Each structure stands twice: as C-alpha cells, then as structure tokens.
Amino acid sequence: MADATTPLMFEPPCSAPDGGFWREAARVKLHEAKLDETPIDVRARVCCAQNAEVSSAVSLDALAFDDATSEGEEAAGGRGTWTTRGRLTCANTREALATFDRDGAMRAMGREMLESVMNGDAEREPERLRAFAVVAYACLKSWSFTYWFAFPALASAEFKIMSSAVTGMTNEGVDGDIAATCERWIASGGASAWLVSEDGREAYALTEYEARTRAGAKPRLAFADACCAMTHPGWTLRNLAVLASARWGASALDVVCVRARKGRVAAEACVKFTMSFPKFDVETMKVVGWERNARGKMGPRTVDLGASMDPNQLASQAV
Amino acid sequence: TTMEAVTPIRSSSAFASEGVLTPEEFVAAGDALTRACPTWTWTTGQGARARTYLPREKQYLTTRRVPCARRARDVEAYAGAEEALTGEDEGWIATGAGGRSDGATMEAIPDLGAMTLEADAEDDAEDEYEDEDDDAVVLPTATAIAKEAAGANGERDDENIVKTRTYDVSITYDKYYQTPRVWLNGYDENRLVLKPSKTLEDISADHAQKTVTIDPHPHTGVPSASIHPCKHASVMKKLVNSARAQSGEAPSVDSYMFVFLKFIASVVPTIEYDYTL
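Residue numbers (the numbering used here), protein chains in the order written: chain F, 1 to 319; chain A, 1001 to 1277.
One thing to keep in mind: the hints can contain errors.
[To be verified] Distance ranges between label pairs, derived from CB positions:
| no. | chain 1 | residue 1 | chain 2 | residue 2 | range |
| --- | --- | --- | --- | --- | --- |
| 1 | F | Arg111 | A | Tyr1176 | 36 to 42 angstroms |
| 2 | A | Glu1128 | F | Glu210 | 43 to 49 angstroms |
| 3 | F | Arg94 | A | Asn1241 | 58 to 64 angstroms |
| 4 | F | Glu210 | A | Arg1070 | 47 to 53 angstroms |
Calculated from the structure, these hints are not laboratory results.
The model shown is predicted, which means the values in this text are computed figures rather than measured ones.
For glycine and all other residues, C-beta sits at the position ideal for the given N, C-alpha and C.
Please build the complete structure, drawing on both the sequences and the hints.
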C-alpha cells in the first residue's frame, strides 16, 4: 500500500428535486398531511457520475412518494440506479422551517445510521449510508418552495481520513479487470457499494469482508461514486470509512471510486487510492451534512413554480 | 388531449413509407435504444397517467442529468445535418445567413413564458445560518470553485462562469402524430429547476422560434419544453429513405430511435445525450 499522507476531501452530494416532486409534495401537504408536520417517507435515485462535466445528483420526482414496495420500484431506477430513502418534513410556516431543529434531526439520523453500521444492516444494504432528510415549506399562495436537504455523514474531530494520491485508472492490467468486474456487478443488480478481489477479477458483497480477510484476502472497497472529479471522492465514502472502521476494525483500505461513461463503468472515469483512518470513536460522534445553497452558504434553497402550478393563474390563462 | 383521445391507435407498420410508428414499434425501437445506450431507461411513470396502448413498464424513455455546457447560440456548427431537409419540410430549416440568433432575438420569443417554472437563485439573503463544524473536509461546489478561480483571475462576470446546466430528456409516444416526442426538463448549474422558457436558450434558434412549445408532460403533468412532433413523420420518412438509398436495404425499426435522436440533436445541439449505436 502506498503511504497515506494527505487528508481526504469529499464532494458533498447535490439535491435535484424536479417539478413533479414539488407538485406531488404540495398535493400531499394539502390533501393528506395538512397541518401534520410528521416526516413523510420519500425516496430518491442515485447513480455513478455519468460524465466528466457534472457530478450526478440525488434525484427526486413525483414517484418519490410512492410506496417503495409498489410497482414503480424497477422503473424508478433501472440499471445502474439505486434507491435511497429519506424523510420529508413539510413545515407549516416559513418560520417553522427556519427554526426547524436541524441538529436534532441530524443526530437522530446519525444514530440510526450508526446502528445500521453496527448491526450489519448497512453492509447488507449500503444505500442506508446515503439516507437523507429534507425540510420544506410550500407557499401555496405563490407556489414557491423553500427547502433544505441533509445528507448525514458520520464524523468526529479525531476521525481523520488520510489518503495516498488520488490517481486515475486505465483500461489495462488490474485496473481494466477492476472496471470490467464492477460493470458486471452493477449490471447484475448489485448493491451500491461492494468489494473487489485483489486481482480485480471478482466482486462480492460487503458482508463477506470479514470472512475473506480472515482467509488472507485483501479486498478493495468499490462504490458507485456520484462525484465526477478526478481528484476527489464523493460524500458516500465518509460513511463507508466509518463502516470499515467501526464494523470491520480496518485501519486502511484500497478504494475504487466507480464512475461511468455512456451508462457503463469506464476505467478512465474511475479513481483509486488507499485511505487510512483511526478507530472511529462512537462517543465523540457528530453528524454533519446540511446542503449549502446556491451561494455556497448554509441555508435553504428556493424554487418558484409560479404560474405553472397555481390553479388561479392557470385558469386565467385558459382562454 | 381530446385530439389524442379520439385518434385511433395506429395498427399497421408504416415507418418506412410514412415515418410513423405503431405503439409496438415504439416499444421495439425503444428496446433497441436502451440495449445499446444504457443511459436510456424505460420508465413506468405514474399509474393514473399510464397509456393503455403501451406496456405498463414501458411508458416512456428517459435519460437523466445530461450535461449541457454551452448555450445554443454559442455553438456555430450545428447547421450541417439540416441541409437535406428542404422542400416540404422547409419549416424545419431556414438556417444559413440568419441561422444564428443573438440574445435579443431569444428574448423576443413570444408567449411561451406564460407558464413559468422559475428557479430563484436569490435565497433569503437576510437569514444567517451557522456553519457546520466539519473540519474542512468538504469540497466547495464546482460553482464556488469556478467563481473563486475567476475572481483570482480578475474576472467579474459572475453569471457566465459556470454554465453547465443539466437536462432530464424523455421520449414519449405521441398517439396523434404517431411518432416519438422529446421533452426537456432542465436544471441550472446549481441543480435548481430551470424555467422551461430558459430551455429555449439550448435549442437551435430556428427551432426555438418555430417548433418548441411548453406543454404539460403527458406522464408527469409538469410544464416542460417539447419539440413539437408535427413535422417528425415527414422528417423521419426522409431520413429513413436516405438511409435506405445509402445502404441499399430498408432500415429496421430498431434503428428508428437512433436516427430520430440524431435528428433531434440538430434541434438541441448542446445537450449531450447518447444515441450512438
């Protein structure tokens, strides 16, 4: 393994709710939830970075509200797409959004995530490490929506993730084998994080880590990385590192950030490095990850769907 | 729509002679596309809006978050593919000397802004929220990085620094015109929903003025920019015939969607979706 010398930095995820999501959110708030601010279960789609220009976003559309076990499951995703779960809190007023207990919500999500790490649920279903929350206020007079996403990352001041140089991959040798193996893993419907054997030719589930390492193998960690940067990994790796430390007792791990071109895993889009980290101390855990707004500051975002959804304005246009 | 409701479903194949598709051919052509280009997937959509003449799990095709780095008016070389489409299809062309449009002409596009879907980049500026204590392992967003770099270089043109929008592109079956129909839902560089009329900046000038409309998406109901299908059949007939003239044999319906998307690429020259066999 190469020397791990630099603190690793991560690209935060980007939320992308579409117009259909907000229309459905408004309908649910008006007709079902009403003044109840109890969080509603929603789901989003994530995938590998698909191109060199933009990282993939956490996408939510009108189907985000469907029961996850319903007919839409396959269609909402498809090949190379994973469903992540989150909770939508529809605040009744703008003030309620501004004063929403963000720390409390974040801590609660963090505890839940840590529990899934410790009891093995996150190994079986690594999408749990991409859980999210969103608090939103729908102004149904102006049909504008103010919203704030959170993508919790388990962290602590002492848990510093270091890494060797982040390097690109080529389509030759072990790198090429790794990419082909990862493409097969994704095409066969595998989870969003997995392990790849040392020779790059075999992929297996995170649950096999302990048995394989006990047998002397040195598996590398691979995950569907939404980040397109050739210099950095995406956010998800933070929670995977916590899993590796807290669940597996690992202190170093080879990592492959798996990205795609034209819908298939492409070695030249992926990056690899070796990361190392201290023991994750549950006692000092903090949970971070509120999304920044369009100005790069802590704060909510606003989208104005104005006349396109306001029944009064639509009626006045219908001549 | 009413017109769609009273239109009978096409049952006989005529893609080579008329450039149109039956629903079954639409599904076959879509299957061929998703096989060759995994960025395209079939979508089930909402049950209440499902069309009965299409399989429940194959209602329409989508590809998501397709980058669009430049505005169409900044791209000059997109006129080539259109030259063949003269004569009865001249409504599609009018390129040449007047082919490029400047910003002022773009602004003059009438009436499409009646429905707005506007992203408001100005957040509540007066609200100050405390930053998280995250030990500086968080990268700033691409936008922030680019703005900082531009600032260091002494540039001040904030609005034009990062222009990469993304689009969700979908293809539905239009029962009335019996052709595929393309819909565009955009996001600005901060992934905020893009006003549909702003989508016009990503459509070649002639088409933006003549053939793009903002209509409710048939499977989501959300106002979306759409390339109106009234000329699709005649264009497709021409393209299918010229392909036949070149290869000497009739193209199979499997290639319809690739030809169609290549044609659409001349309308939206900067949205880089995949349509390569």
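Exercise. Which hint numbers does the structure go against, in order from smallest to largest?
Worked result: 1
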